[in-house]
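Chains as they are written, first to last, in my numbering: chain S, 3 to 255; chain W, 463 to 814; chain A, 3 to 178.
Rather than coming from a laboratory, the hints here were simulated on the basis of the structure. Glycine is no exception: its CB is placed at the ideal position from the N, C-alpha and C atoms. Among the hints, erroneous ones may be present.
To be verified - To give a feel for the contact side, a few chain A residues facing chain W, derived at Cβ under 8 Å:
(1) PRO39
(2) TYR41
(3) SER67
(4) THR141
Said to hold, decoys possible - Cut-off 25 Å, straight-line C-alpha distance, at most; resulting in silico cross-link-like pairs (PhoX-like, lysine-lysine):
(5) LYS732(W) with LYS154(A)
(6) LYS155(A) with LYS466(W)
(7) LYS153(S) with LYS194(S)
(8) LYS785(W) with LYS589(W)
(9) LYS808(W) with LYS8(S)
(10) LYS784(W) with LYS750(W)
(11) LYS227(S) with LYS186(S)
(12) LYS22(A) with LYS105(A)
(13) LYS155(A) with LYS505(W)
(14) LYS508(W) with LYS466(W)
(15) LYS504(W) with LYS154(A)
(16) LYS155(A) with LYS808(W)
(17) LYS186(S) with LYS248(S)
(18) LYS504(W) with LYS68(A)
(19) LYS466(W) with LYS22(A)
(20) LYS622(W) with LYS589(W)
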Amino acid sequence: MIVFEKPKSLTDAEFHYCPGCTHGIIHRLVARAIDNLGIEGRTIGVAPVGCAVMAYDYFACDMVEAAHGRAPAMATGIKRSLPDNIVFTYQGDGDLASIGMAETVHSAARNENITIIFVNNAIYGMTGGQMAPTSLPGQVTQTSPYGRDVKVTGYPVRICEMLATLDGPEFIARVAVNNVKNVKNAEKVIEKAFRNQVEGKGFSLVEVISACPTNWGMTPDNALKWIDEKMIPYYPLGVYKDRSAKEESQNDK
Amino acid sequence: MSEKVLMKGNEAIAEAAIRAGCMHYFGYPITPQTELAAYMAKKMPKIGGVFLQAESELAAINMVYGVAATGKRVMTSSSSPGVSLKQEGISYIAGSDLPALIVNVQRGGPGLGGIQPSQAYYFQATKGGGHGDYHIIVLAPNSVQEMADLTALSFDLADKYRMPSMLLADGTLGQMMEPVILPEKSNNSVEKPWAVTGTEGKRKHNIVNSLYLKPDILEKVNFERYERYKEVEKNEVRYESFMMDDAEFCVVAFGIAARISKNAVIAARKEGIKVGLIRPITLWPFPKKPLADAADQVKGFVSVELSMGQMIEDINLAISCKKPVILCNRAGGMIPSPEQVLESIKALGGNK
Amino acid sequence: MTNKLIIAGFGGQGVLFAGKFLAYKGLLENRQVSWLPSYGPEMRGGTANCSVILSDDPIGSPIISKPDVLIAMNLPSLDKYEDEVVSGGMIIVDSTLIERKVKRSDVKVFYVPATKMAQEINAPTLANMILVGKFIKETGAVGYENLEDTLKKIISARHQDLYSINLNAINKGYNF
Chain S
3 MIVFEKPKSL TDAEFHYCPG CTHGIIHRLV ARAIDNLGIE GRTIGVAPVG CAVMAYDYFA
63 CDMVEAAHGR APAMATGIKR SLPDNIVFTY QGDGDLASIG MAETVHSAAR NENITIIFVN
123 NAIYGMTGGQ MAPTSLPGQV TQTSPYGRDV KVTGYPVRIC EMLATLDGPE FIARVAVNNV
183 KNVKNAEKVI EKAFRNQVEG KGFSLVEVIS ACPTNWGMTP DNALKWIDEK MIPYYPLGVY
243 KDRSAKEESQ NDK
Chain W
463 MSEKVLMKGN EAIAEAAIRA GCMHYFGYPI TPQTELAAYM AKKMPKIGGV FLQAESELAA
523 INMVYGVAAT GKRVMTSSSS PGVSLKQEGI SYIAGSDLPA LIVNVQRGGP GLGGIQPSQA
583 YYFQATKGGG HGDYHIIVLA PNSVQEMADL TALSFDLADK YRMPSMLLAD GTLGQMMEPV
643 ILPEKSNNSV EKPWAVTGTE GKRKHNIVNS LYLKPDILEK VNFERYERYK EVEKNEVRYE
703 SFMMDDAEFC VVAFGIAARI SKNAVIAARK EGIKVGLIRP ITLWPFPKKP LADAADQVKG
763 FVSVELSMGQ MIEDINLAIS CKKPVILCNR AGGMIPSPEQ VLESIKALGG NK
Chain A
3 MTNKLIIAGF GGQGVLFAGK FLAYKGLLEN RQVSWLPSYG PEMRGGTANC SVILSDDPIG
63 SPIISKPDVL IAMNLPSLDK YEDEVVSGGM IIVDSTLIER KVKRSDVKVF YVPATKMAQE
123 INAPTLANMI LVGKFIKETG AVGYENLEDT LKKIISARHQ DLYSINLNAI NKGYNF
């Protein structure tokens, strides 16, 4: 009996991610969701600029490579061109919450029927560890060497809380992948975000709190603990918006 | 054949695009091209097409990038400041070898500039515009009829050579009405096996991408792309030659400047001055050879431009600086008069 | 033959519409035509003008620096364009709104109280078409036949009740 196998929606290419990075886990969860829903043949993925820039080599479905922050706009074009296909973006915090904020907010406001996987590791990884829009107050990075000073740089952006205020989006949730329980839950939530699109429900975004031991300057183990101790208190996990579930529960009453 | 109708240049582009099978339009409001977007907004929902007003020019061009990746005909339009914003996306589309149409109904600049007609985006359009080594095909209409005809051609050329094309018009051509016979419906017949449409489990995944981290590979891709550009330069140069047979002087102008220049050439001929006009229709590829040939025949050139002088550099290059080239220009939204062009012809020595 | 006409006035006076009518009339007579509006962030009620060229030969520039004919529908327009009209050209003035006389003596001038006439025929917005009627009469730039065919091109069938009042206005101007 096979208890574990590589999802079909991943290619055989070797990941380039650093040791202890949780991008690999998130890739696998996305690929499993695609496998489980049987949509690999009609899925088109949009890779970001950032650590996941080469995601187009890892996912076995058709892939495109967007400009920094523009993945939701590109996904909008693809989805409007091919409404029966399944379109997802995979973006980091710099990409989605900084340079691409306008595209993020407006694709949500339009309720584009796409799925966004938002990997929040509170740092710019690919460029070597600069402060991200989601870096925590006091967090030391290459461009906040004395710790993020909120008087100078302002405060982190909580994407889920912000997008949940919009009427547009269907589904907004935050998960983490720092322990088995959280990974199991993340898998369910990510699959739901894809299923929503299959069912035509609309914009579904899953923020995944992810570890970057290399740029955080921690051991992989300590990085996973740091998520529990620092990240999750600032970015609480949970479902921030689920329009269909809300409507169903209202119909039940 | 279609009936002759009176249409604004901006509307003629929109209708011609639809007839060329373009069912996807993304844009952001800006004067003086708004009629184009308005036409699309009205028409697209009725014919099952897509009109979407994007949140920015950046978003619009990246929506175009997305549709282009799926292999369908797609366009955006804007005016100068908006086209600057699109340059990032145009570079990506060129770097991913995708066809798409970008329309620039030019207005005065730099910065926010003004809203009156201009040709100050010649450099931006013909020299790449965004980052990296690349070209786009640039077509310069000079009438409402050409706004329609060159729109159809832009899509064909973009598909044929897998590269973006640009229609470089200006506020006058966008706003004016002239009779136009709209092109017949045509269809994109080029196979696009590279398009992302879903593998359906039948093929290896397609990747639309402009990233090559290995420099030797990126170099190879660039060299291959420039081989394709050579084909474009060989096959696709278009220009109009007017009264050049016995010309001793040559006026060079495109778009609206060429129409003004034509009046000046006719006026000069009435005064006995032997002058002709070469009107580049493709700005890239630039009609180098006709100009080089003209350099062996004429005593000098006048470059008539609604800018501080941009095309004049390409004229000098095309003729290897063999003959004098003088600039006749207005800028900032002002338009040279035929009288001003005539003065320049005379200043060149056409004053017998 | 080439006719170069500038129609100028306030936004809302139907300056662009009048120009479009003449351009379409020319088109239906198989002449070469161009129509170029002023455009800009002008406020409603601000100045508006359009340049119309009707020609038997291909039209070079659609921009008119020296019009053969000026139709001036307000004082700022007469002030702006009076000196630009070619010698021997023509100026048609809405004399209801413009109190002064044309200063030049080398052009033909027609004073038509178009705004007042439009009110008299219960078509207060059609001073423009009264002036168009006068223009047709005095220049012969386009024919006086088949006017309704032209109106049908620029007024949709939904508003066909407007055909007769437009025709009436043109007629009034033509016979003034």
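Check your understanding: Hints broken by the structure, by number, lowest first?
Key -> 4, 5, 7, 9, 12, 16, 18
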